[in-house]
Amino acid sequence: MLKEWAKFKGFSAKNLPKEEPFAPGHRACQGCGEVLALRLALKALGMNVIAISATGCMEIISSPFPYTSWRVPWLHVAFENAAAVASGVEAALRALKRKGRFPRNRRVDVVAFAGDGGTADIGLQALSGALERGHDFVYICLDNEAYMNTGVQRSGCTPYGAMTTTSPPGKKSIGQMTWKKNVPAIAAAHGIPYVATATPAFFLDLMNKVKKAALVEGPAYVHIYSPCPTGWGTKGEDSITLAKLAVETRIFPLYEVIEGKYYITRKITKPKPVEEYLKRQRRFRHLTEEEIRKIQARVDAEYERLLRLAECL
Amino acid sequence: MKPVLVKGSEAIALGALEAGCRCYFGYPITPQNEIPELMARELPKRGGVFLQAESELAAVNMLLGAVSTGVRAMTSSSSPGISLMAETFSYLAALELPAVIVNVSRGGPGLGGIEASQGDYFQATRGAGHGDYHFLVLSPASIQEAYELTAKAFELSEKYRQPALILTDALLGQMKEPLIPRRLRVREYPKDWALDGARGRPARVLKSLFLGPGELRARNELLKKKYRAMRREARAEVLYAEGAELAVCAFGSLSRIVKEAVEMARKKGYPVAFVRPVTLFPFPEKPFRELALRGVRFLVVELNCGQMVEDVRLSVCGRTEVESLALPPSDLPAPEDIYRRIRRCLRRR
Numbered sequence: 001m002l003k004e005w006a007k008f009k010g011f012s013a014k015n016l017p018k019e020e021p022f023a024p025g026h027r028a029c030q031g032c033g034e035v036l037a038l039r040l041a042l043k044a045l046g047m048n049v050i051a052i053s054a055t056g057c058m059e060i061i062s063s064p065f066p067y068t069s070w071r072v073p074w075l076h077v078a079f080e081n082a083a084a085v086a087s088g089v090e091a092a093l094r095a096l097k098r099k100g101r102f103p104r105n106r107r108v109d110v111v112a113f114a115g116d117g118g119t120a121d122i123g124l125q126a127l128s129g130a131l132e133r134g135h136d137f138v139y140i141c142l143d144n145e146a147y148m149n150t151g152v153q154r155s156g157c158t159p160y161g162a163m164t165t166t167s168p169p170g171k172k173s174i175g176q177m178t179w180k181k182n183v184p185a186i187a188a189a190h191g192i193p194y195v196a197t198a199t200p201a202f203f204l205d206l207m208n209k210v211k212k213a214a215l216v217e218g219p220a221y222v223h224i225y226s227p228c229p230t231g232w233g234t235k236g237e238d239s240i241t242l243a244k245l246a247v248e249t250r251i252f253p254l255y256e257v258i259e260g261k262y263y264i265t266r267k268i269t270k271p272k273p274v275e276e277y278l279k280r281q282r283r284f285r286h287l288t289e290e291e292i293r294k295i296q297a298r299v300d301a302e303y304e305r306l307l308r309l310a311e312c313l
Numbered sequence: 001m002k003p004v005l006v007k008g009s010e011a012i013a014l015g016a017l018e019a020g021c022r023c024y025f026g027y028p029i030t031p032q033n034e035i036p037e038l039m040a041r042e043l044p045k046r047g048g049v050f051l052q053a054e055s056e057l058a059a060v061n062m063l064l065g066a067v068s069t070g071v072r073a074m075t076s077s078s079s080p081g082i083s084l085m086a087e088t089f090s091y092l093a094a095l096e097l098p099a100v101i102v103n104v105s106r107g108g109p110g111l112g113g114i115e116a117s118q119g120d121y122f123q124a125t126r127g128a129g130h131g132d133y134h135f136l137v138l139s140p141a142s143i144q145e146a147y148e149l150t151a152k153a154f155e156l157s158e159k160y161r162q163p164a165l166i167l168t169d170a171l172l173g174q175m176k177e178p179l180i181p182r183r184l185r186v187r188e189y190p191k192d193w194a195l196d197g198a199r200g201r202p203a204r205v206l207k208s209l210f211l212g213p214g215e216l217r218a219r220n221e222l223l224k225k226k227y228r229a230m231r232r233e234a235r236a237e238v239l240y241a242e243g244a245e246l247a248v249c250a251f252g253s254l255s256r257i258v259k260e261a262v263e264m265a266r267k268k269g270y271p272v273a274f275v276r277p278v279t280l281f282p283f284p285e286k287p288f289r290e291l292a293l294r295g296v297r298f299l300v301v302e303l304n305c306g307q308m309v310e311d312v313r314l315s316v317c318g319r320t321e322v323e324s325l326a327l328p329p330s331d332l333p334a335p336e337d338i339y340r341r342i343r344r345c346l347r348r349r
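Quick mapping for you: the protein sequence lines, in order, are chains A and B.
According to the numbering used here, the first sequence is numbered sequentially starting from 1.
According to the numbering used here, the second sequence is numbered sequentially starting from 1.
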């Protein structure tokens with residue numbers, strides 16, 4: 001436990017904040033897991049935030065002219081630089097406080113939102129720089145495992161075997177040919193105080209992690225798994241089920257890295273087979289039994305590695 | 001040959017494949033995703049390589065690496081992505097590499113919008129990166145032309161050892177038209193500069209740092225000479241020049257709307273000509289100069305705040321009046337809007 005969390009009792013179903021910093025009426029697809037994650041994250045953060053968004057689905061659906069869903073200060077920038085712009089905002093706030101032009105004890109959380117493409121691919125350099133410099137900010141990656149806003153192109157976070165428009169399966173390819181990039185591990189490798197993974201299926205866990213990330217002094221990184229019915233070829237009503245399955249099959253384990261130490265926040269002792277998760281999605285429909293076995297082996301090995309990290313670190 | 005119904009973006013990709021493009025590097029951005037999507041499907045089948053980069057900057061540098069070995073390759077993006085590539089554009093020009101870049105442009109500045117815009121005219125023709133350089137810039141007005149000009153861009157870029165840019169927009173990129181995918185003859189030029197090992201001969205070096213006295217100057221003079229030689233590639237479509245009093249000028253997809261307006265005006269008996277630059281750099285000065293010498297006035301219609309009008313003014317050199325009908329992006333004009341402006345221009349005299 002970090003000293004910053006001493007006063008934070010955690011959210012429960014009874015004490016959820018009433019305010020909705022992210023207004024309804026936006027244009028997200030039916031069953032969008034990403035916008036749910038964004039709404040919950042902002043609910044946990046409250047109204048005293050400055051949100052910086054990289055371009056992507058969440059920006060497009062939340063700000064069709066002349067409307068906006070953002071009830072909190074919002075700065076929208078290009079694809080690759082949410083973390084860099086957040087660094088600038090945080091540095092400016094610090095300077096203002098130092099010069100007495102901004103109340104020293106007033107808490108404003110700087111939070112950067114980006115998708116998996118904006119984090120794992122084009123924004124990785126800016127993210128690494130910001131984490132290394134130690135800015136007091138939260139970076140939230142809303143991971144729906146491809147570039148969905150531009151029409152489902154593969155990203156570094158697209159899982160092995162998935163079909164996207166730029167990783168089409170066929171005779172020469174099985175779909176996405178590389179394994180999902182482990183961005184939380186990259187963030188943790190910077191030695192920052194707090195890294196966490198979350199999913200909207202476990203919403204209290206998500207909100208608690210985001211709040212803890214904001215309370216931490218220094219950079220914090222939260223990776224949120226966000227189902228995308230449109231891009232994955234799933235039913236809108238299945239998003240939460242899928243998010244739950246991803247955890248229960250150990251495909252997306254929930255854990256925290258607090259000052260370098262790993263804690264598994266939801267231990268899965270009786271995992272479901274990955275097939276149960278894969279079969280529900282059109283993007284994996286072409287996978288053969290052999291490929292599914294390969295994925296199962298990889299998932300098992302990765303989870304084993306995580307367990308060992310949690311034991312010895 | 002049977003026509004196929006394709007989008008402009010797809011026609012560009014098909015043109016590149018026809019020209020023997022072996023490698024494609026790209027990054028997702030609207031409204032050009034049909035290019036990487038088609039390349040992802042087609043290139044592996046033909047023994048080529050499709051790679052999705054982690055950013056536009058990486059994509060264009062992959063392109064730089066690929067073309068330095070003498071292979072035909074290209075990348076495509078849309079306005080904000082093209083801006084991110086700007087640094088490498090300067091290096092491509094300095095290294096004199098025959099790379100093909102496609103800009104299916106959208107509205108700006110900043111993230112702007114995703115509708116048709118011609119706001120990237122300056123960026124394309126003046127060079128987005130640093131230093132004294134130019135790209136060869138081609139701008140198609142139909143889907144057939146998009147197919148053919150893309151193949152031509154590969155040929156010209158090799159002929160002059162020079163990066164070539166296709167400047168089109170969301171309107172042409174996203175609309176469908178019949179395309180006759182006919183076989184095109186794309187000439188090859190010797191690549192005695194390509195990096196392919198140094199067995200039995202001195203190593204070849206591609207570099208852009210010149211620190212010796214007079215070295216950089218000589219280098220720039222050489223490039224200048226090349227850009228001057230490229231002028232012979234200037235192309236324009238000129239219609240109804242005979243007896244015209246006013247010439248209406250536009251490029252790219254907008255020229256289709258403008259052409260219709262000109263034809264409406266001519267039906268009503270107005271003496272109006274139509275000029276469409278096909279190459280934006282080199283700019284086809286000749287038809288403009290000739291019309292200006294006959295006292296023909298100009299009306300330049302663009303989907304921006306007035307950029308090409310500057311090149312028209314430079315071409316006519318004060319010999320005639322040049323008016324600008326600048327239409328910043330969001331709504332496309334109807335032919336009637338332009339027709340009314342043509343009428344007003346002619347009545348004023």
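Watch out, some of these pointers could steer you wrong.
[To be verified] Below, a list of computed lysine-lysine pairs in the PhoX-like style, where the Cα atoms sit at most 20 Å apart:
#: 1; chain 1: B; residue 1: K191; chain 2: A; residue 2: K171
#: 2; chain 1: B; residue 1: K176; chain 2: B; residue 2: K207
#: 3; chain 1: B; residue 1: K191; chain 2: B; residue 2: K207
#: 4; chain 1: A; residue 1: K172; chain 2: B; residue 2: K226
#: 5; chain 1: A; residue 1: K261; chain 2: A; residue 2: K294
#: 6; chain 1: A; residue 1: K244; chain 2: A; residue 2: K261
[Stated by the list, open to error] The following label-pair restraints were derived from C-beta to C-beta distances:
#: 7; chain 1: B; residue 1: D196; chain 2: A; residue 2: R133; range: 39 to 45 Å
#: 8; chain 1: B; residue 1: A241; chain 2: A; residue 2: R71; range: 41 to 47 Å
#: 9; chain 1: A; residue 1: P64; chain 2: B; residue 2: E263; range: 55 to 61 Å
FYI, nobody ran anything at the bench for these hints, they're computed from the structure.
Even glycine gets a Cβ: it sits at the ideal position worked out from N, Cα and C.
Evaluated hints:
Proposed proximity of K191 of chain B and K171 of chain A is contradicted: the alpha carbons are some 34 Å apart, above 20 Å. At roughly 42 Å between alpha-carbon atoms, K176 of chain B and K207 of chain B are farther apart than 20 Å, so this suggested pair is violated. A hinted pair counts as satisfied when its Cα atoms are at most 20 Å apart, and K191 of chain B with K207 of chain B qualifies at roughly 16 Å. Restraint check: the Cα-Cα separation between K172 of chain A and K226 of chain B comes to about 42 Å, which exceeds 20 Å; the hinted pair is violated.
Restraint check: the Cα-Cα separation between K261 of chain A and K294 of chain A comes to about 29 Å, which exceeds 20 Å; the hinted pair is violated. With a C-alpha separation of about 25 Å, the suggested pairing of K244 of chain A with K261 of chain A is violated against the 20 Å cut-off. As the Cβ distance of D196 of chain B to R133 of chain A is approximately 43 Å, the hint placing it in 39 to 45 Å holds. Checked against the hint of 41 to 47 Å, the pair A241 of chain B and R71 of chain A fails, with Cβ atoms roughly 60 Å apart.
Look at P64 of chain A against E263 of chain B: about 37 Å separates their beta carbons, and that is not inside 55 to 61 Å.
Hint compliance for this structure: hints 1, 2, 4, 5, 6, 8, 9 are not met, and every other hint is.
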